[in-house]
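A.B. asks: Just so you know, the protein sequences line up as chains A and B, in that order.
This note's numbering numbers the first residue of the first sequence as 27 and each following residue consecutively.
This note's numbering numbers the first residue of the second sequence as 47 and each following residue consecutively.
Just so you know, not all the hints are guaranteed correct.
[Stated by the list, open to error] Facing chain B, from chain A, some residues (calculated, C-beta under 7 Å):
hint, residue
1, K109
2, V114
3, N127
4, Q131
To be clear, the hints were calculated from the coordinates, so they are not data collected in a lab.
Heads up, the beta-carbon is just placed ideally off N, CA and C, and yes, glycines get one too.
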Amino acid sequence: MKVAITSTGNTLDSKLDQRFGRCSYFLIYDTDTRGMEFIPNPNKEAQEGAGPASVQIVASRDVKKIISGEFGIKIKSLLDSLKIQMIVIKEPEKSVGEIINMLNQ
Amino acid sequence: MSPRPTRLRKISNPPVISGFKPYGSKDNHIKADVFLQLEEYEAIRLCDYEMLNHHQASVIMNVSRPTLTRIYSKARQKLAEALVQGKQIIIEGGKIYFDSEWYSCKMCGSYFNNPEKQMEISECPLCKSKNISVCDDFNYGPEENVKQK
Chain A
27 MKVAITSTGN TLDSKLDQRF GRCSYFLIYD TDTRGMEFIP NPNKEAQEGA GPASVQIVAS
87 RDVKKIISGE FGIKIKSLLD SLKIQMIVIK EPEKSVGEII NMLNQ
Chain B
47 MSPRPTRLRK ISNPPVISGF KPYGSKDNHI KADVFLQLEE YEAIRLCDYE MLNHHQASVI
107 MNVSRPTLTR IYSKARQKLA EALVQGKQII IEGGKIYFDS EWYSCKMCGS YFNNPEKQME
167 ISECPLCKSK NISVCDDFNY GPEENVKQK
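Here chain B stands alone, though its shape is the one from the complex (with noise of 0.2 Å):
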């Protein structure tokens, strides 16, 4: 019996930096990196950032809440060994995919997203509309387009 395959994990925003590198070693051997993977990158964000709990983090992310829970103890457990033992941290990797919210103008008909989370969309963007939507029907997560072929 082979296992389920991973679910893939909804990530808002690819983060700033790529990594973090430590300084003022004492000794000087190169040690191996820690790869935090984006997932976990994510986890962090949404709980210890946005101060959401674990089942808050795991709608958003698209997984459930055990999963999200050892998402999260991997990547402080990651953290932890990087910060002990001095080691650089690399941002990489993991089974995600990119989403923004999606938004329908009843004015022109048009769909759009918003790819800056920080900003709030008012109008939209074609015909300056206000009388916009949140759209939830109108998917283009990877699932949806999995299923039809």
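Chain A with its partners taken away, still in its complex shape (with noise of 0.2 Å):
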């Protein structure tokens, strides 16, 4: 199962990025493979609109949830019928590495 976290960087010990339309990367975790991906985001200096062009990116690549520290109320009502789950931490200290520690548990 894929999950997707958002980042502040590209690396594992970048933060957890508070915001999920803008945020700065997306990370994509295969939690059976262990493979991980860092994408871009191209919406992050957006105007408007930036949360649902991210759910589009990460709904693309099949993810069932989502780990970030806050999501728009556009975004909600869309994931709610995609049937991706939502997982809000609210912790703008903890790296992206130690969230996948957490769900290699």
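Join these two chains into a complex; the hints should help.
C.D. replies: Right, here's the structure in full:
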């Protein structure tokens, strides 16, 4: 199963990005093969509609869960209808690597 | 005096199909479609499929009991019209939003929702802890966000 994590950088030490639509990178992690991929977010500087556009990028990779600090109002109903689970972590200091370790437990 | 704006109806899951087509019609006239709104679909689902009473259904959809009864009777009327006149049913529209239940994990402090209504969540998707609880105050409903603006 694939999980998307919003990240501030493209290394495992980077912190979790607290925004979903305008995060710097998406980290797509496969819990079965333990493979990972960083995708730079083209919507980082978008004026509006960053959320739905980001959902499209993530949904095209067939992820089942998204981990981020917050989800905007436009995204919530969209993800509900796509049946993608949202996980909210309110700890900005957590690194992406730590979250992957938690998923591997 | 303008009327009060329509309250947003809460829908748990979108329907699995987007409509119904009649078959075996005797006359070949193309008839107008019946547009069943999503809120009317949800009222039928709650009252006739889940067998809830109107009061329980109204709480789930976040509207008043009389409003739920009005939505429900309109839905019945539309379904009957489609059935009797052999019209196609299309499920779309309505002033609605989709919502799912939110949980919080007491071990890692994360919040998560349950997109699959049919499956019960028993453990945290992050740390696999069983120490989770249903979270009421963590509301992502549109009303809270509208107020902030």
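A.B. asks: Is the hint on Q131 of chain A kept, meaning its closest Cβ partner in chain B is under 7 Å away?
C.D. replies: Status holds, d = 6 Å.
A.B. asks: Interface hint check: V114 of chain A, Cβ to nearest Cβ on chain B, cutoff 7 Å. Holds or violated?
C.D. replies: Constraint on V114 of chain A satisfied, holds at 4 Å.
A.B. asks: Using the nearest Cβ pair, does N127 of chain A come within less than 7 Å of chain B?
C.D. replies: Status violated, d = 10 Å.
A.B. asks: Can the hint on K109 of chain A be confirmed by a CB-to-CB distance to chain B that is less than 7 Å?
C.D. replies: 4 Å, holds
Checked against the numbered hints listed earlier, the structure breaks hint 3 alone; every other hint is satisfied.
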